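Working from the sequences, and respecting the hints, build out all of it.
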Amino acid sequence: MSLDLSYLDYPKRGRGMDHDYYPYSSLFDRKPVQWPDGKKLLIWPVISLEYFPMTPNDDPFRAPGHMQTAYPDYRHYTAREYGTRIGIYRLLGAFEKVGAKVSVATNSVIAERYPQLVEDIISGGHEIIAHSTNMNGTIASGLAEAEEKALIEGSLTALEKATGTRPRGWLSIARSQSFNTAKLLAEAGVDYMCDWANDELPYAFQTDAGAITNVPLNHELSDRQIVNVQQQSVDSYAQQMTDAADWLLAEAEQYGGRMLPMHLTPYIMGLPYRISSFEKLIAGLAERNDIGFARGDAILDSWKAQR
Amino acid sequence: MSDVQKSDPGLYDYAPYRGRPKIKWPDGKTCAVWVAPNLEFYELDPAVNPHRKSWPKPHPDVVGYSHRDHANRVSHWRMAEMMTKHGFPGSVSLSVALCDHIPEVVEDAKQRGWEFFSHGIYNTRYSYGMDEAQERAIIEDSIATVERATGQRIRGWLAPALTHTPRTLDLLAEYGMDYTCDLYHDDQPTDVKVKSGQLTAIPYSLEVNDHYGFFIYNMSPREYADTLIRQYNRLAEEGAQSGTVMCIPLHSYLIGQPHRIGPFEAVLEHIAADGRAWITKAGDIVDAFRKQTGGAS
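Protein chains in written order, with our numbering: chain A, 1 to 307; chain B, 1001 to 1297.
Simulated from the structure, these hints should not be mistaken for lab results. Note that the structure is predicted; figures quoted are calculated from it, not measured. Backbone N, C-alpha and C define an ideal beta-carbon position, used for all residues, glycine too. Warning: the hint list may mix true and false statements.
To be clear about the criterion: a stretch of chain A counts as covered by chain B if any three or more of its residues have a C-beta under 8 Å from a C-beta of chain B, and this derived list gives those stretches [said to hold, decoys possible]: (1) 19–29; (2) 174–182; (3) 229–236.
Right, here's the structure in full:
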């Protein structure tokens, strides 16, 4: 099949990006960031707290980790529930041991179904980030704008009702957005989203409804990617996170504060045979004076105050 | 041109590894090592090519796009600085529209003394289905754009996202290109059969490409570093018989991630310290090869 002549038209070819969301900026040309308490590196743990209905939805796409067999898929339904019953408590326990406060990206139905869990998260000093309604609440182009707006509003409202606080952050399932998502989040008053992986510090993201901040949650540095997708061991995961921390600390000496996202999934990292290695990893990181742990909202506020 | 598909593309004559004439690299080095950073620009909402989807997800593919944008904002700078620190120049596989979008990155590569060859206009525009006029247009665009941005006349080609037509190699030779990075049949340069002029296939690599390492073979950063060291050690050893070529093809959004760049440094340290490596650029390797072979394939 031959190509239309217009295939060689490049309407966006010119200075800067091929969209108006943010201008080009090199991480190494920015004013150095200084984190509170003289920390050089802030580790930002984000735990995804997910509820997978046993009736999966493929519109616009089926979430990673969702049901796989013919109905009833007890094996995946219950294995994911293991995360919200057991795995999450192992992760919370690990962070409590080192005194770290973390962000928990929470499906809003979790707050409705398991209020005790959400109470434990909040009383532990952790932050709730909105993470859609449940794992059928995926977003991509093709989802009608009104439906997407209702999904976002539904998640924020339910979490606010359950916790007393409207979440300031948003993580889309699989970090997947439509062309409307950032605008709808800004309209809904969300301060920051975590979906764009193109940077290693927060940056301002423009929408038709005003600016929102993107706090990049590196998808490569996740237990899902390293352990589940790439099938590496938890010891290799720990080595990789340590190597990343070492590299960023060295860079921070010259260029200012750095952040290291640590994206965790309770049913992946919270297994008995993995959790000890993970605990050892964060204990080792916590021992280092120039490393701190921080919630997403704390990173956002510190970064914004220095702009 | 004919639309008949050939079972054998007739690119080169078979040449067994044993008993080849000795290729000698300068100063008695046994393995010519070149690093090929892919400096790319991907479009958020590209035009559709019916032969291949640009993104696995509906546009905007936020993870796919933003992962690649990490290259220009963050990881190019990390990767480039490390290459310079250890004395490795780049031979750049360039999405030439990067010259228009983010000239800072192209200028940085130029200032480091790197060589540029074309990797198409964008890595989201594919050659599949192009007619001859369209294919000529992207070659002419590539030559003009890189010359304007860097002063260099490009000498080589790596097809955009590795998409070709059966006429691509003939056209490259007609336009005076010296090398193609698209053929993976050898560890030494080979002259390709083209209708006019001369075109040399320089060993690039899929097998030790960071994309393959991390996303086909699912290696950890340290496993990938070890892979490159083993690849180098073997080629440097065999190169004593007849000089070999090792390419390290990189994408900064992969190798320049914070968990990978540290382990990668061990590779550059090893090769730089070994003594058998001719650490150079693609065009120099092609020139040295042609001086010895006189262009005979």
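Here is what the structure says about each hint:
no.	hint	verdict
1	19–29	holds (count 6)
2	174–182	holds (count 6)
3	229–236	holds (count 5)
Consistency note: the structure conflicts with none of the earlier hints.
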